[in-house]
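Residue numbers (my numbering), protein chains in the order written: chain A, 1 to 871; chain B, 1 to 186; chain C, 1 to 358; chain D, 1 to 273.
Worth flagging that the hints you see were computed from the coordinates, not collected in a lab.
Check the hints yourself; a few may be wrong.
In silico DSS-like pairs for lysine-lysine, Cα to Cα no more than 30 Å straight-line [as the list claims (entries may be wrong)]:
no.	chain 1	residue 1	chain 2	residue 2
1	A	Lys-634	A	Lys-538
2	B	Lys-101	A	Lys-404
3	A	Lys-404	A	Lys-538
4	A	Lys-398	B	Lys-101
5	A	Lys-590	A	Lys-538
6	D	Lys-162	B	Lys-37
7	B	Lys-103	A	Lys-375
8	B	Lys-35	D	Lys-245
Per the computed footprint, the stretches of chain D lying under chain A, defined by three or more beta-carbons under 8 Å from a beta-carbon of chain A, are [said to hold, decoys possible]:
no.	region
9	22-32
10	49-58
11	86-94
12	170-180
To give a feel for the contact side, a few chain A residues facing chain D, derived at Cβ under 8 Å [as the list claims (entries may be wrong)]:
no.	residue
13	Ala-66
14	Val-217
15	Pro-753
Note that the structure is predicted; figures quoted are calculated from it, not measured.
We put the CB at the ideal spot given by N, CA and C, even for glycine.
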Amino acid sequence: MPGLGTSVGRGGATTAQQSLADSDAILIMGSSMAEQHPVGYQWVVEARERGCKVIHVDPRFTRTSATADIWVPLRAGSDIVFLGGLIHYVLENEKWFKEYVLHYTNASTILRDDYVDAEDAGGLFSGWDAEKKKYDPETWLYKGSEPKKENGQSLPGHHDAGGGHAKDRGGEAGNTTEFETDDTLQHPRCIFQVLKRHFARYTPEMVERSCGVPQDVFLRVAETYAAASGRSKTGCICYAVGWTQHSTGVQIIRAAAILQLLLGNFGRPGGGILALRGHASIQGSTDIPTLYDILPGYMPMPFFDADSKTFEQYIKQHSTEAGLWTKFEDFMVSFLKAWYGDAATKENQWGFNFLPRVTGDHSELGYWLDMKDGKLEGLFVMGQNPAVGAPNGRLQRKAMANLKWLVVRDLVEIETSTFWKDSPEIERGELRTEDIATEVFLMPAAGPAEKSGSFTNTQRLLQWHNKAVEPPGDARSELWFVYHLGRMFKGRAARERTPKNDALNALTWELPTEGAVAEPSAEAVLAEINGRDLTTGKLLSTFEDLKRDGTTMSGCWIYTGVKPAENRNVANERSAHDALGHGWGFAWPKDTRIIYNRASAAPDGTPWSEEKKFVWWDEEKREWTGKDITDFKKDMPPDHKRDLSKGGLEALDGDKPFGMHPDGRGWLYVNSGLKDGPLPTHFEPLESPVENPLYPQHQSNPPSDKKQRPDNPYASTPHDSRFPFVLTTYRLTEHHTAGGMSRSLSHLSELQPELFAEISLELAELTGVSPNDYVTIVTPRALISARALVTPRMTPLIIQGHQIHQVGLPYHWGWKGIVTGDVANDLLAISQDPNVRIMETKGLVCNLIPGRHPAGHKALDELHELLEERP
Amino acid sequence: MLRDLLSRWPVLQQIRTGSDGTGAESWSERTRNLKPKTAGCEVTRGVCPYCAVGCGQLVYHKDGKLISIEGDPASPISRGHLCPKGSNTHQLHTHPGRLTKVKYRRPHAKDWEDIDLDTAMNMIADRVWDARERTFEETRNGESLMQTTAIAHLGGATLDNEENYLIKKLFSGGLGMVCISNQARI
Amino acid sequence: MSEAQSSFRESRLDEIRREASQFGTVQQAGIRAAGSPLPKASPQTGYYQQHLLKEPQWTPLVPLYFFVGGASGSLGVIGSLADLIGENDDLARKARHMATAGSTISSVLLIADLGRPSRFLNMLRIFKPQSVMSVGSWVLSGFSAFAAASTLADILDTQIDGSPIATFLRTIGRTGCTVLGMPFHNYTGVLIGATAIPVWNNRVRSLPREFGMSGLQSAVSLLELSGETDSNALNAIGLVAAAFETWEGIELLRTRDRELAPTKQGLTGALIQTAGVLSGPLPIALRLASLFTSRRRRRLRQAAALSGIIGSLCLRYGWVAAGTVSARDWRIPLNIPEPDASTSFDRRAADSLTRRTP
Amino acid sequence: MSGATDHTGIQPGEVTSFLTDSTLCIGCKACEVACKEWNGISADGYDFTGWSYDNTAALGHSTWRHVKFVEGEITPGIGGNSAQQLSWEFSSDVCKHCEVAGCLEACPTGSLVRTEFGSVFLQPDICNGCSYCVISCPFGVVQKNEDDGRAFKCTFCTDRQKAGMMPACAKACPTESIKFGRLDELKVEAQVRLATLQSRGMTDAQIYDPTHTSVKGIHSMFIIRGEPETYNLPPRPEVPTIYLKDAWKSAAFEAVAMVGAVVASFFFLGRKG
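Chain A extracted, bound-state conformation (with noise of 0.2 Å):
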């Protein structure tokens, strides 16, 4: 989220895929389109029919390489370089679009006079406490703005225990409607000019030699993105975990944000950023999070001892000034009454102290870690397999011996519920079935055709699918299992009135079932995340209509819409009606397919050109109108000037298109928000066999956690002699993640049998392997086997002088399923970006020798030999 979040406003998908049709320039990036999303990708093959150029930029020439223009190898982990030499490249030719980045961005905003960039400090930004290991974000406020400063507390965004998803917004720290700009640009402290410095040595050259990416070959790439910019054509950029999985992986996509800005590719047809989910409901899944940081949309759970105290000062922190976080309160007020209905009344605050204060890091990996200490009792997995899909398996699995109960909850026996055992730690002897006290039970779940519901899919579009038929067995939903679950709980807290059990008994908890097994309705479950007006009982259609009052709720703001009337679900509605699909499901917010496309007019309200002609200002009807539900305020005129006293909408200029922004404008910069710095800055991967050439005094990324302790270890870095090679991991068309819905199914299976390593001839010859000849990979955490597919695709690189080899290696076995392999994930470390405190799964280093690993407890010995070597 916080990459597109601080940069625009939403953390989620800024354009549709159907869009993609109408670009003038695609670049793939950290993503295989057509491998992991291959309907989606038919968009970009009409557009390329159509004479829009796909580049795809990847470490290995992909099934996506192989239908671009331009494909372009890049050393796994060097992702900011590249796309901050395309930055340096449009800003030193002139190739940035002047009209919009004037009116649209923070370019001609002027910083204070104590920030320091990193271009000054050798890689650090003003504001680190090399202590804490954190940044204090004052000094990177706009001039003029006031920080938010509570009891000595570190500024809001900025806690520990922040896990980064409450970022819809950024610049929390400060009051941000009060900044000085300097329209000509030319302020040495405009932030358009500290941007021109900060990228300044991220030159072509400087991209070849991190990158190992040609200067001929970048140049082209330069020429041809810049080139989909202006009044008349657009570009378009797709990412998905290929940049979200590195230490930087916030810091690679606010890089994307900025050159979007600088080309005013936002809010346009076949322009913005496309993030591309993995997960059917993986957006709806952090729209409406099973996250521990926040709350229905993006609304952040309140941290013990920051800003927690009162509930006043819990909205004091969170909401602006000016734009849509202003109505922040009416957003939260209607979520507890959702949750805690008459329970929640103005005099207990509406219930805030019914929410549990979240003390640290509570995110996956951070309990993860807790629970191989043995501080966890219990766990529930729902639709995912830690076992295999998670970073060092091995931790992963012993972590699990540790519980006293899990509960899991699949479709079929994943590795998850059978790590006790024949886990590879049982079959190596490191675990002992008999010693695991660990209780687990496996419970069937009903697939998505066994049950109604919605999922968001990765452009926010909410899709409902309907139940055909019963589940088999005993197989449930999981709406069913915490429904009744959750009807009990409240019938023993019913029992026994302890505030301990406020929480419980003050919860909403009535649903409609039907059918022999009480299948509760989820039709009633998506009328509470709509919201309703709780004096006429009527359906919301728009958050708007939220109220702090207390007479609306409503248990996801962001969502409100979906279901305006008691026979509409907008979800399940199927007529699309124009190419964009409206009259097809529901997009949020507000049916909006192409978020923020006021800008797809001049800051006059003009059509910037027929081409791309998209929502525009009607001056007869004075109303904004055009081919998308207008995401701005629908009668306010282009020369509206702010109104702080009204709040909203109305506290922005008219000619400023990122509403969730307290100044309307899209940042190019980030005054706070974000932990690692305001602006994105090349670091290596916290495992590389190259120096940083840009700071070396910080080979990685500063703020970053490595989580490294005896059972998580790393490879000393740069250059570990035992371990030459870059590892990058990624997935296969033919396979789903962790494979719990492709290797047990056939047909699948077929395609992809067995667990491979991709080499380049090269690297082959180097370590005396031959086609199809299993090999051993090996990393300080691990190692596993797989067969060698030795292929052209896969290339050397030249970094710094000498010749980088990658291996690449795809992720989905496991030792259940009708076809089996070692884990992928087992090599992987445990680590976490500073913002989201994501693992970096696509940039490490490694070593690959011939022949499949002993079995049993040798495998374990060979790898403690091999971490010892020291040629």
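We have chain A; now place chains B, C and D onto it with these hints.
This is chains B, C and D only, laid out in the frame that chain A set:
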């Protein structure tokens, strides 16, 4: 009897029509009346459960049995197409490896045993309740905490929004669990 | 490489390499040992050297059927003509009975080979002139009927003298056997000749002759082994057939088409060449020898007969097996010249395979 | 249920065809799975071939669509869609449904028939597993399933076509690289597409449709880059029936020779004494 047996004998038709035996005269009854297996099925609209492209699916079913799952041509996103995984959604639901009973593993046990759903639900409820009883913190230095870190949840990106909503509501809003996470990060 | 690493080397890999150095290739799917080229799809290698044609899926009963069918067809002809022309009633009767038995065995063998024997009658569902299998099925059925008819006639003769039914059956039976015996004894050559299998369709003209004469020779041989070693007529027919076979054998040796490799190399080649000798020169020699001795005549004729039968069997099995080998040749259907351009695992070699032909 | 259906608008009697355009294929194998799902075909082995991403290897009794992966050379800066070089090509293979079909001519039971759509259909309720079609197909498509005893191949989804539905593979194909429609229209479309590709500099693009041989054209045409041999597409496929005339001629000659030999021998040497 014999007459209609003969009348169905392609050779006689060949003689009559002088055809070479490669055409309609050789079609069997089955071939003549060939129908798609989805004929007469009910159709329900679904969404592909794999990646986040969100392809539309048509779920064909008859008498409570899934017959076929195909792309939905009306979808503005997928236009009726599906990738190999999406095309395999029918097998995903019907393959023999599907779990249908609750499996339970006792502490230190070497293997699974089947238990019935209600028993499992009650056992799970007891364990959650017990862990919460022991580990729940109402306040810390006088400040509201209402939290337990002893129980964790993982998963959500493959589930429905409504399911995620209930999980977060019950686990965080009701039980005070804070260790809640899923596949989603950025 | 360090010790730890070398101890890693799986013995399996060394086996693969040994196999590779010995035989040049490794059988296991996709396996290529170091030093051998990358699996490739290119105009020079075809699609990963994967053969395009499917191998024949016949059971070993089929070549046997070819043998029995060929013999009984010829027996039918002999049986129908021998006593019309000469006074060889016993020989002719024996031939007819053998033909009847043969045609019955043929049907059994053919049915047993089907994937769905219960559906044998579907063979008579249509008549397809362009399908040799269809024509053959009808011929087989017809021939069996006529052979049965003439045999029935013989049985009736032994009961009643000059019964009109017997006369009728004899007439149509023998006419039918003569007419259908001709295609029945050699259509199997057409059957395999007119297929996509290179080694077969390369010899599409000679196979019917070869199979036919082979059938005739086994017919003669069977009669001889059943005791008819005095008939000079049979010996003459045997000589003619053997002469034909010899000529065909020489023809085959003289033709150098690469499609014919399986008839000259390997097990299949050995079988076919042996067949050539056993059903060509050897019986000729024995038969000629039998003319100049009265004491050893019987033995020599029996030896010739045995050699002819074994030769005929080798011929059928040899040619069918050759079809399987031929189907595995990935170059011929793609008109790719031998030998394979790729020689080493060297990058440049691999490159040369991928470069487009201008 | 509202919304569009997948009705092709094609009536029985109109000749249909596939046009598989490799230049649009992304190698996802959706066609393989969609085919197996619709036709209820079982998996045929879990062997890792090492042939790029192709582990299906070939068409057969339980594989009626097969995506081929052809690896070339790669050069930084050049994607697979650029004309300069072949880097990684994908091509989905299928039964050719020949205009003159070897399997159809060979089938003795009439199990193989020409349908009202001009395609070649194997009637599983008739086939008796004589497997003569297997060796009569110049493309090596038909194969007998030894366990089942019958031969199988692509049905062209005749069951779907009869109901006006598109074949499963063509419907699934994400990038519409598998086109389905009226033969005559697709022949034109293929020419137009070829012209477009060549105007983009893809001089190595070509249509594979052997109309110049005895096969007389196919009902599943292909647009490929490079040589057909690379994709195991025979440059000159022939229908085995072209050999029939010669074969029967020499059979007749030999039969006469036999009768002659028999008659002569018995005439001159038959008499006893």
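Checked hints:
1. Lys-634/A <-> Lys-538/A: Distance ~23 Å between Lys-634/A and Lys-538/A Cα, so the pair holds.
2. Lys-101/B <-> Lys-404/A: Answer holds: Lys-101/B to Lys-404/A is near 22 Å, not above 30 Å.
3. Lys-404/A <-> Lys-538/A: Answer violated: Lys-404/A to Lys-538/A is near 46 Å, above 30 Å.
4. Lys-398/A <-> Lys-101/B: 26 Å, holds
5. Lys-590/A <-> Lys-538/A: With a Cα-Cα distance of about 18 Å, the restraint between Lys-590/A and Lys-538/A holds, given a limit of 30 Å.
6. Lys-162/D <-> Lys-37/B: 12 Å, holds
7. Lys-103/B <-> Lys-375/A: This hinted pair holds, its Cα atoms lying about 26 Å apart.
8. Lys-35/B <-> Lys-245/D: Answer violated: Lys-35/B to Lys-245/D is near 40 Å, above 30 Å.
9. 22-32: Three-residue rule met by the region 22-32 of chain D, so holds; n is 7.
10. 49-58: With 5 residues close enough to chain A, the hint holds.
11. 86-94: holds (count 4)
12. 170-180: This one holds; 3 residues, not fewer than the three required, reach chain A with a Cβ under 8 Å.
13. Ala-66: 4 Å, holds
14. Val-217: Holds - the Cβ of Val-217/A comes within 8 Å of chain D, reaching about 4 Å at its closest.
15. Pro-753: Interface hint status for Pro-753/A: holds (4 Å vs cutoff 8 Å).
Going through the hint list in order, the structure does not satisfy hints 3 and 8.
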